[in-house]
Amino acid sequence: MLLEGIGDAECVKRVQQGDTDSFEILVRRHQKTTFNLVYRLLGDYDEAAEVTQEVFLSAFKSIQQFRGDAIFSTWLYRIAFNQASTRRKSMQLAQRRHVPLEGMELPGDGEGSANPEKIAEQREAQQRVQQALDSLHKDDAAIILLRDLHDLPYEEVAQILGIPLGTAKSRLHRARRALKELLAPHFSLTRKAS
Amino acid sequence: MNCEETELQLSNLLGQPLDGERSTTLREHLAACPRCREEFAALSECRRLVAGLSIVDPPVGLVTRVMAELHEELRRPSFWQRWLMPVRFKVPLQATALVLIGVLSVYLYQKEETKNRPSTPSTAEKAVPRNGDKEAARSELALGNQSPDVAQATPHERALAKIDKAPSAPAKLFEAGKTENRLAETEKFKSAPIPAQGVTTSQEGFAFPGDARRFGTGTAPFAIERFFSTSEPIPDYELVVRQRPAQRIEQATPGETGKQAESTSQGGGAPPVEILWYRVPFDRYEQFKKELVAHVILESEIPVAVKEKEASFIADRPLAIKVTVLPSAEK
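In order, the protein sequence lines correspond to chains A and B.
The first sequence begins at 1 in this note's numbering and counts up by one.
The second sequence begins at 1 in this note's numbering and counts up by one.
Heads up, some of the hints might be wrong.
Calculated cross-link-like contacts (lysine to aspartate or glutamate; reagent style DMTMM-like; alpha-carbon spacing at most 25 Å) [said to hold, decoys possible]: (1) Lys13(A) - Glu112(B); (2) Lys13(A) - Glu47(A); (3) Lys89(A) - Asp140(A); (4) Lys61(A) - Glu69(B); (5) Lys61(A) - Glu73(B).
Reference listing, derived: stretches of chain B covered by chain A, where coverage requires no fewer than 3 residues with Cβ under 8 Å from a Cβ of chain A [claimed, not checked]: (6) 50 to 58; (7) 61 to 69.
Simulated from the structure, these hints should not be mistaken for laboratory data.
A virtual CB, placed ideally from N, CA and C, is assigned to each residue, including glycine.
For reference, chain A alone in the conformation it holds in the complex (with noise of 0.2 Å):
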């Protein structure tokens, strides 16, 4: 599609002039890493696919709004932290939330079906890291995943938080200590696996 070549404030300013095709660019642009990020959030799959097509549902709503101030992955992902939030309120999840691993893609998969027992091992680990951090607050899960696991800098993960930059710092060193509790128990195993 010629459209995929045009960037995201340019698509923007096209659906804001009421052009849906360009929304469907943005949409297949930006949903690996909304899934992903809510994903981690709620650890339930489906739920997880539900609550991003709401999120893309509430920012195509609410594009109008968008003034072009921050960067639209970082306007995206606030929207999906917040509708993640909820969701994971709603549903109580640190109850009965579940890691399902069947059919997850995980790394080296392709070239360890050699190995079932280092497969095994590493699905383990990565469901004792989902488990931390479901064990965690949504807030430190969320500066955790978006700067670990999204790779994002500091200012944007401050934006996407809505808390200054020296707060999104003091609260992720207090997040990693808090997984860290979590996971130090597991880490020989987690050393073996990798």
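Once you have looked at the hints, place chain B on chain A.
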């Protein structure tokens, strides 16, 4: 640099190469402090674990579903459209509004009807069309039909109506000539009574005592009927009044003289003597007289028929009053 400061800086520098002047200081502290070294290793491990989480593919068809939902949303009416125009609210609302309008119409009609109803309804009022029905009045005059209500009138009224309906032979000729003139006068003076079958009807707002030109524009607070009679019915009261000098009117036209007044020739150029007939509710006679005296000088009052009848009988019907208007004594 203490351990706490080092820990925070190390957290901020995770994932970044430790180089530069600040990193040198950190490396020196880590080399000297086994606790911070262990902490740094643990945080690095955590970061590595999170960064190593697999990137999951979104469900197939997510984009299609989003776009389908989006198009559905665009077709769907907005919140305000849904709120203002739902059929389940609109239909009952319209039905309720229709019923309310109907009830209100009936109420207003009845209220208006009560307001228009005179305090003492008379047979003549029922029988004769009002000011707005000039055409009906004209038709009835032309055909000489008697309204069915006239048959329900009291004997006295029936006698009056009969006299009006079937005048004597000279009167018939006189009446025929007067009909058009009466209608013309009615249209000219809206407040004046409308002739119909020789009887006129007045409503509220009527300029007392029926002719504003002669007696001023006072409004009687009760129903007065003025009627025309070419024959001589028996009046209940006969009043003789004289016009005041200040209120002397202009010379009446020949048509008016012929139709409304029976002129008594008193020599060439002498002002005519007029005879006017009224119907007044029994209990309003004194008020009528008072109003009359306000405009003219009462010369005499003769109770002709009233003294021969019982008051209870008279109270059932309006009084027939003959007023003989004499010209002003002023030369």
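How the hints compare with the structure:
1. Of the supplied pair hints, the one linking Lys13(A) and Glu112(B) is violated, its CA atoms being roughly 65 Å apart against a limit of 25 Å.
2. In summary, the hint linking Lys13(A) to Glu47(A) is not supported, as the alpha carbons are separated by about 30 Å, beyond the 25 Å threshold.
3. Between Lys89(A) and Asp140(A) the CA atoms are separated by roughly 15 Å; this keeps the pair inside 25 Å, and the hint holds.
4. Annotation: proposed proximity of Lys61(A) to Glu69(B) holds, straight-line Cα distance about 12 Å (limit 25 Å).
5. Between Lys61(A) and Glu73(B) the CA atoms are separated by roughly 9 Å; this keeps the pair inside 25 Å, and the hint holds.
6. With 9 residues bearing a CB less than 8 Å from a CB of chain A, the stretch 50 to 58 of chain B meets the requirement of three and the coverage assertion stands.
7. Coverage of the stretch 61 to 69 of chain B by chain A holds. Counting CB-CB distances below 8 Å, 6 residues qualify, and the rule asks for three or more.
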